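**Q** For reference, the chains in residue letters:
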Amino acid sequence: MTLDHVIDAHEAAEGPPRAPANTTSPGVWAAVLAAALALAGGVLLADLDRVDQLGLVRAVGWPYWIAVCLWGVAFTFALRQPGVPVAPVAALLGLAIVGVHGLPALIEPTPRFFSAYLHVGFIEHIGRTQDLAPSYDARFSWWSFFSLGATVADAGGDPHALWMIRWAPVVFNTVWVVQVAALAGAVTRDRRVRSVACALFIAGNWVGQDYLAPQAVGFTLWLGVMVILVRVFPTVGAPSSGGHPVARIAAAIRGGVSSPLAVSMSRRDRGAALVVACAGAAVVATGHQLTPAMLFISAAGLAGLGRTELKIFPVYVMVVTATWLSFGAVDFWRGHLDVIFGGVGAVGSNVSAGFSDRIVVPTLERRVVLGARVAYEALVLLAALLGAWLAWRRGRRHGGMIVLLLSPWSLVLLQSYGGEGFLRAALFSLPAAAVLAAAGFVGAPPIMQGGRERRARSVVAGLLVAGALTPLVLVTRFGNELAEMVRPEELAAMEWVYDKAPPGSLLLATSRNLPWRFERMLDYVHRPTGDDVLSDPALLPGVEPQTDQRVFLILSAGQAEFGKMLYGLPDGWSTRLAAQLSASGRWALVFQSGEAQVWMLRDLLLGSSAADGEFFQEVSR
Amino acid sequence: MIDREAARRVADLGACLITITLLAQMGSGSSGPARQLMAVVFFLVVPGWAIVSHLEIDDLAVLATLVIVASLIVGTAASMTIVAFDRLTPSMVTVALAGGSACGIAARLRSTRGWPAYEKRSD
Chain A
1 MTLDHVIDAH
11 EAAEGPPRAP
21 ANTTSPGVWA
31 AVLAAALALA
41 GGVLLADLDR
51 VDQLGLVRAV
61 GWPYWIAVCL
71 WGVAFTFALR
81 QPGVPVAPVA
91 ALLGLAIVGV
101 HGLPALIEPT
111 PRFFSAYLHV
121 GFIEHIGRTQ
131 DLAPSYDARF
141 SWWSFFSLGA
151 TVADAGGDPH
161 ALWMIRWAPV
171 VFNTVWVVQV
181 AALAGAVTRD
191 RRVRSVACAL
201 FIAGNWVGQD
211 YLAPQAVGFT
221 LWLGVMVILV
231 RVFPTVGAPS
241 SGGHPVARIA
251 AAIRGGVSSP
261 LAVSMSRRDR
271 GAALVVACAG
281 AAVVATGHQL
291 TPAMLFISAA
301 GLAGLGRTEL
311 KIFPVYVMVV
321 TATWLSFGAV
331 DFWRGHLDVI
341 FGGVGAVGSN
351 VSAGFSDRIV
361 VPTLERRVVL
371 GARVAYEALV
381 LLAALLGAWL
391 AWRRGRRHGG
401 MIVLLLSPWS
411 LVLLQSYGGE
421 GFLRAALFSL
431 PAAAVLAAAG
441 FVGAPPIMQG
451 GRERRARSVV
461 AGLLVAGALT
471 PLVLVTRFGN
481 ELAEMVRPEE
491 LAAMEWVYDK
501 APPGSLLLAT
511 SRNLPWRFER
521 MLDYVHRPTG
531 DDVLSDPALL
541 PGVEPQTDQR
551 VFLILSAGQA
561 EFGKMLYGLP
571 DGWSTRLAAQ
581 LSASGRWALV
591 FQSGEAQVWM
601 LRDLLLGSSA
611 ADGEFFQEVS
621 R
Chain B
1001 MIDREAARRV
1011 ADLGACLITI
1021 TLLAQMGSGS
1031 SGPARQLMAV
1041 VFFLVVPGWA
1051 IVSHLEIDDL
1061 AVLATLVIVA
1071 SLIVGTAASM
1081 TIVAFDRLTP
1091 SMVTVALAGG
1101 SACGIAARLR
1111 STRGWPAYEK
1121 RSD
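These protein sequence lines map, in sequence, to chains A and B. Every letter in the first sequence is one number past the one before it in this note's numbering, and letter 462, counting from 1, is 462. Every letter in the second sequence is one number past the one before it in this note's numbering, and letter 80, counting from 1, is 1080.
Hints were generated in silico from the structure; no laboratory data involved. Just so you know, these numbers come straight off a predicted model, no measurement behind them. The C-beta atom is built at its ideal place from N, Cα and C for all residues, glycine as well. Among the hints, a few may not be true.
Label pairs and their in silico Cβ distance ranges [unchecked claim]: (1) 1006/B with 363/A: 53 to 63 angstroms; (2) 471/A with 1107/B: 45 to 55 angstroms; (3) 420/A with 1009/B: 55 to 65 angstroms; (4) 48/A with 1006/B: 27 to 37 angstroms; (5) 1092/B with 579/A: 47 to 57 angstroms; (6) 315/A with 1037/B: 45 to 55 angstroms; (7) 1021/B with 375/A: 45 to 55 angstroms; (8) 1111/B with 138/A: 39 to 49 angstroms; (9) 1095/B with 365/A: 17 to 27 angstroms; (10) 375/A with 1087/B: 20 to 30 angstroms.
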């Protein structure tokens, strides 16, 4: 027997976790209620004019910080209760999700983030036409999420899925927290550890991949499959077979014995769980480009190091992914093999795309935000590794969690994914990081779970989550909010365009940071679809329209901030661009609401038909 | 044992209520946040519950994880048919999922043979 087996047997011998107290201390519920009321006050007193390059920190009302303090107090009290009652902890975790990840939904009048609007466009297209357009965008080759979105949007009574954007982060984070609680059960039955792991996940999720997107559903399925691998089919390392390292490694690869912390299930039910895992992998393969690779790497790591019984599962993931690539995504890879494999081996450029390229920015505040993100992620990883070390010192080896912590980062070394690989790796390693940190810092051997020790660790956990991490996550997560929030006038401008512009029109913007392409996306030509930012109208793409093609240019505050924030353009660059457009005589302002403007190219109208003149009069009105 | 089964009965009842409410809302053509909430909850929980409730799992978080994952799998697989078969509309898919889920829940209820039988077994 290895030490793992001894320790796991020890914990298993504790029997099921102590039943939660029948009555929770009224003080805990009072603190929960007070925190909720203070959060409501912070939201009511929020001022969007105070949103700046540090995100939402200065925008929330002062009661918000009272709510954070009360939350910390309530969480500490709840952890100190005998048996850690489920209801107040669940209420506190829900409050944290709404207070952090639901904050924009609470204080901003319009759903945020331009990419979510784009995904609404895919959903709207599939729902309306029941057809794909793989030549239009690669994402139509991984369309299962969009078809699900179309069905849900229709069931919700509004096939135009804009209504799904606002609360998507709250829904996804709630689901993920449940899954993290399940994952944490692989290392302990201690409810305090599982509760703290959930809280750390909420506070550590700065990546912002929880918007209405295929990767959010992909992450949900990935995490679900990981839970099945390490909870339903776990092994706890191999029996030691001698002193030679090679022999020990070989024994580890052969696999160990089933963990006593495995979920108790019959053979038939374990078979059903295996079917769910296999079906989940198939859906992942059809929904997102990167997640199948993450699934393969994580499953291979667990299988290779003897942490799951399902040794052949990674092979299945590879086969099902290759099958979808061969039949469902042919239109994509036929012309993009360099995109798929171009980053393999280019470790240096991949790392720089994820790290250093993100720090070359113009303003001090921007540097603070991006530096804070890198530091925050380093802190998360450090806390996880330190937690693993502390647990190891106590005789616990959480090998499976370490695999899940480190394996996502291997993908960054192989494929930059346009620089977003860093963000994805941070997200996929976060559940294991939260579990390891919680197990290391809050978990304790049974002999130490006495009153004073438990109280001290509970206080540390409450202070850590509420006092330190919540303010930081508001900066790291919402540091782009000036550009990523959608002003009502921006949305009004785009709705005006889609109402007035005839199909086939060329729609120009200075960047892709605009809530557009959410309606009849194939009926218009949208440019740019990349990160281009233009400060000179002479550089505007596509100003030579085809015959009978209308050309509209949309300027907005979000794009102005995007140019300043990411490209270092000077203050007022967008205003000067508008002045240049006006002075050129080629463009006419046809819509204005706040800082959102729609300009129309007049070239075709000069000396053209009466119908063109009437159209111009119509849109100018 | 009785407590766990009682909780499952409550979940069965909740899943049925969600399904019936959503179908009623779709039938009446109503719209708004209530229907949107019901649609999201239905696709996150009900199809998965109709399957996973047949399993005996002693960990609530693992049970919830399997329910959500199974719901997403079934919902996605069913939704993909709207592209594969032009005659199927999203509404038809939702109604089919609701019917299938109701059958799954009914099958489980039938297999446990109601309250008296369960109480007798636990004795």
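**Q** All hints are to be evaluated individually against the structure, with a verdict given for each.
**A** Results of checking the hints against the structure:
1. 1006/B with 363/A: 53 to 63 angstroms: Holds, at about 59 angstroms.
2. 471/A with 1107/B: 45 to 55 angstroms: holds, 51 angstroms
3. 420/A with 1009/B: 55 to 65 angstroms: Because 46 angstroms falls outside the window, the suggested range is violated.
4. 48/A with 1006/B: 27 to 37 angstroms: violated, 48 angstroms
5. 1092/B with 579/A: 47 to 57 angstroms: holds, 54 angstroms
6. 315/A with 1037/B: 45 to 55 angstroms: violated, 41 angstroms
7. 1021/B with 375/A: 45 to 55 angstroms: 47 angstroms Cβ-Cβ, so the 45 to 55 angstroms window holds.
8. 1111/B with 138/A: 39 to 49 angstroms: Once the Cβ atoms are compared, 46 angstroms apart, the range 39 to 49 angstroms for residue 138/A and residue 1111/B holds.
9. 1095/B with 365/A: 17 to 27 angstroms: violated, 52 angstroms
10. 375/A with 1087/B: 20 to 30 angstroms: violated, 55 angstroms
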